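Visitor: Chain R: place on chain X using the hints.
Just so you know, the protein sequences line up as chains X and R, in that order. Just so you know, we're using the working numbering here: the first sequence kicks off at 1 and counts up by one. Just so you know, we're using the working numbering here: the second sequence kicks off at 143 and counts up by one.
Keep in mind the hints are simulated off the structure, nothing from the lab. Watch out, some of these pointers could steer you wrong.
Claimed, not checked - Mimicking DSSO-like on lysine-lysine, the simulated pairs with C-alpha atoms at most 30 angstroms apart in a straight line are:
#1 R:Lys-436 x X:Lys-66
#2 X:Lys-108 x X:Lys-131
#3 R:Lys-665 x R:Lys-750
#4 R:Lys-750 x X:Lys-108
#5 R:Lys-877 x X:Lys-131
#6 R:Lys-665 x X:Lys-108
#7 R:Lys-796 x X:Lys-131
#8 R:Lys-590 x R:Lys-750
#9 X:Lys-66 x R:Lys-750
#10 R:Lys-590 x R:Lys-436
#11 R:Lys-796 x R:Lys-750
#12 X:Lys-97 x R:Lys-436
What you are looking at is a predicted structure, and each value in this text was computed from that prediction instead of being measured.
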Amino acid sequence: MSVRAVLAMFLALAAFGGAAIYGSAAWIVRRSVFLDDLASEIRRARESGESDFAQRLLIKGAFYSKNPETLIRTVSDDPQLEAYLRAIVALRPDRPKGWPDPEAELRKAADGPSPLLAARAAIRLEQIRYKTAIPNAERIPF
Amino acid sequence: MFLTNAGRLLIYLSLAVLPLANAPLTGDTLEVKYHLFRILGVAASILYVCHAVFVRPLRDPDGVDAAVLLSLAALGASVIFSESPVGALPGAVDAAGSLAFLSLTRRVFESDHPDGPEVRPVLWVIGASMILPSMMFVSEQNKWGIGDTLGNQNVVSHFLVLSLFAPLFALFAAHSRVKKGLCLTALAALLWLIWLTAARGAVVGLLAALALIALSSAARHWASLDRPYRLATAGLCAVLSLSAPVLLYRYATATDFNVSVRFLSWKYSLSLLADRLMLGYGPGLFAASFEKSKLWMTTADSNLLGLLTVNYAHNDYVELLVDQGALGLAAFLTLIAACLLPPIYRWIREPARAILPVCLFLSLIASLTQAFFDFPYHTPAPRCLFYVLLGLISRRCGSNLEPRTSVAPPPPPRSESLEWLRAFLVLLAALVPGVPMITLYAASALAKVADPTFKSGRYTEVRNFFSMASQLDPTRGQYPFRQGLGEEQAQDFEESRRAFRRALEFQPYFPNTFFHLGTVSMKTDPARAAAAFYATLAFAASPTTLHNLAAMGLAIGDSPAAAAIYTEIARRYPADVAAAHNAAVLKQMGRESAESETYRRALDLYQKDRYDLAEPLAIAAVSGRPGDPDAMFLLGRIVFHRGRHDEAGGWFKKVLAVDPNDAEACYYLASVFFFQNRLPAALDMYQRADRLQPNSTRILFNLGVAYYSIGNFSAMNDCFDSTLALNPNVSTRPKIEELRRAAGGRGP
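Okay, chain X solo, but in the shape it has when bound (with noise of 0.2 angstroms):
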């Protein structure tokens, strides 16, 4: 085979390969965090006292969803909870155009009256300044 045989097999491998990859990659991600499982899910464990659980599942939903408005939506009586969030989306590394930044939103959750969700957000802030906090939290929905 001549080098530019191969130089153009290795771009089109790349290129067609690539965006069918990435295509499959984002499909299972989405699919596996399917938002009405997942709100079935939260509306359960909220029902069950797993007000914890749900709230991690909320996190969860937020940091993968196409669509993490409409799970922010579900706690808008809960401001704390709302800027966590909110905060969670910012920090995705595919975050939406226009979204706010982090730091504003994870002051508000760290003022919030719930104490390990504002610790959560004090960390957070602490990762986002200093990165002295845990490793990788960015990446990591919690």
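Guide: Same frame as chain X, now just chain R:
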């Protein structure tokens, strides 16, 4: 010439030693093979570079050279942009060493003929090197007591599939019947062994390879075949072409745990590319990266995969994709195509030549198909053999050869033994630069030694062991992690935290490290510990993590969240009675706390005479604490002051039913009777209140008023006298005097 011979010697040595190398100290056969492969890979790189510089410069790179360069470029970019470049170094050395073996083979086995005689020793070496692993496998299979990882089923099957070409080539090349019979027996034995290893991928791979060979043969001979033979050939080709997919479908749809687990590991490995598509996570970092997929893995899949440690993707293409991204995989596939397509094309065009390329093609296609189900190119021996065979099939033949143009006069001829001696010395010199990699093996040996020490609780020694191992091999996150465990057990939390943070640089998604990062902060910084436990739970829930998190919730005063976490534990792990109990206690405490807060606020408003606001809170307090006399009494007083005496009387009666000696309730009930004009009942109740709480000016005054109402002025006067005796300046004195005047003018 001696450089060429040194290269050949290195290839013979690698093919002979890698399948046989066993671990004398760590007992981990694969581990020692990895280190050995790296040393040999470095030597192959050095010899290739020397050959290119001193023997024949690379003046007309062909497609394979270009593909190798692309692979190296993709590899380098993947390491540089990896999340852990240091951790990716061993994997990068493995990959670069493999490419060096391929390129070196192409250089040192150049020939005028595709079936050149210089390849024969390779066949003998491969034939000899597969004997011992095969014997070990058979002995393990039959439980003859020689169990050893040397006979590991996967490694043996990978190696044997690649080795198939040797007896096949010998069969075609043999001229006498005896030799043909021997070769056929060896081939049959080899196929039987592959069948015994239960390597389904190998069986599918062999069928696929046979189909390709049949199709190529049909294409080659089509013009010379008669019509009946053409039909038979087409039928055979069709059967062979369909058999591999059919068998694959059969395996895929079998309700086999092994197969379903493989599909799951592929699925979630692929999903990792959503973040780092082009360059992947870094060579050799698959196992560390796979942990990341647990962040979005569904619970059902997590439960199934949780039974298996996913160290390999069980599909080398997927693993390469995760390691080096789309660029790495594209470069690998381009390399395969560049190596395999020209020989097959040549074989079809030149029927008389190239038995060896066909045999090699069969082995390589079988192995490449097997790589869809297994990890042959991530274990050293099959990996080395694969790249050597790729080099052999793609080596330059005939007209492609270009002798080195040199202005210097040709060297005087030397004796052959002197040439081989020089080649041996050069090989030794090429092996020396890779020798420092022995320290990596020393580190793993040290880690192995430290294991029993850790189990016996000698933590100070453990710290030192793993600290030394970290220094010897700074590319592995396992050592700082274990050092951190030792520090944690020895109560040196600050040092432990540092070690865990260092471990996370190599394994950024290892939930266990986040967990221990939490446990070391539990005493000093509950908020930080809680955040670390939340990070752990993002990957997977475990009872210990949830318990620790609940404890941290209580430590920072979030008992509602702690109660919710205990409820979750009780649901997930019904056998955990303590969690259910804790949840119940915390819920009760929370309820009581909330109710007492409601009662306190209602009382506060009552005392400020805000009866309208106090009433709903009091009702909430009564419904939250049914039967509580305080709440009922408060509600009774509120409705009494709002003029609903009948309703108030009902509440006071309920209070007295709970506590008949409550003087205040008696007093208020008496007042209710008084307002209802039930004077005897009111008098009776005031007297009872007076008995229960003597010397109360308020009760005595109201008792006097009641006596006045029924006309018993003498008793009235006694009550008023007692009241004034207790407090001459009582606020009701004007009223007393007024009533006395009304009763007949008797003064005090």
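Visitor: Take the hints in turn and mark each one as holding or not.
Guide: Do the hints match the structure? See the list:
1. Note on Lys-436 (chain R) and Lys-66 (chain X): the hinted pairing holds, with a Cα-Cα distance of about 19 angstroms set against a maximum of 30 angstroms.
2. With a CA separation close to 20 angstroms, the supplied pair Lys-108 (chain X) and Lys-131 (chain X) stays within the 30 angstroms bound.
3. Distance check on the hinted pair: Lys-665 (chain R) and Lys-750 (chain R) sit about 45 angstroms apart at the alpha-carbon level, beyond 30 angstroms; violated.
4. Between Lys-750 (chain R) and Lys-108 (chain X) the CA atoms are separated by roughly 35 angstroms; this puts the pair beyond 30 angstroms, and the hint is violated.
5. Restraint check: the Cα-Cα separation between Lys-877 (chain R) and Lys-131 (chain X) comes to about 77 angstroms, which exceeds 30 angstroms; the hinted pair is violated.
6. Distance hint between Lys-665 (chain R) and Lys-108 (chain X) is fulfilled; the C-alpha atoms sit about 27 angstroms from each other, no more than 30 angstroms.
7. Only pairs whose Cα atoms come within 30 angstroms are accepted, and Lys-796 (chain R) paired with Lys-131 (chain X) is rejected, the gap being roughly 63 angstroms.
8. In summary, the hint linking Lys-590 (chain R) to Lys-750 (chain R) is not supported, as the alpha carbons are separated by about 75 angstroms, beyond the 30 angstroms threshold.
9. Between Lys-66 (chain X) and Lys-750 (chain R), the direct Cα distance comes to roughly 54 angstroms. Violation of the 30 angstroms bound is thereby established for this hinted pair.
10. A threshold of 30 angstroms between alpha carbons decides the hint, and for Lys-590 (chain R) with Lys-436 (chain R) the separation of about 28 angstroms falls inside it, so the pair holds.
11. Using a Cα cut-off of 30 angstroms, the hinted pair Lys-796 (chain R) and Lys-750 (chain R) holds, with the two alpha carbons roughly 25 angstroms apart.
12. In summary, the hint linking Lys-97 (chain X) to Lys-436 (chain R) is supported, as the alpha carbons are separated by about 27 angstroms, within the 30 angstroms threshold.
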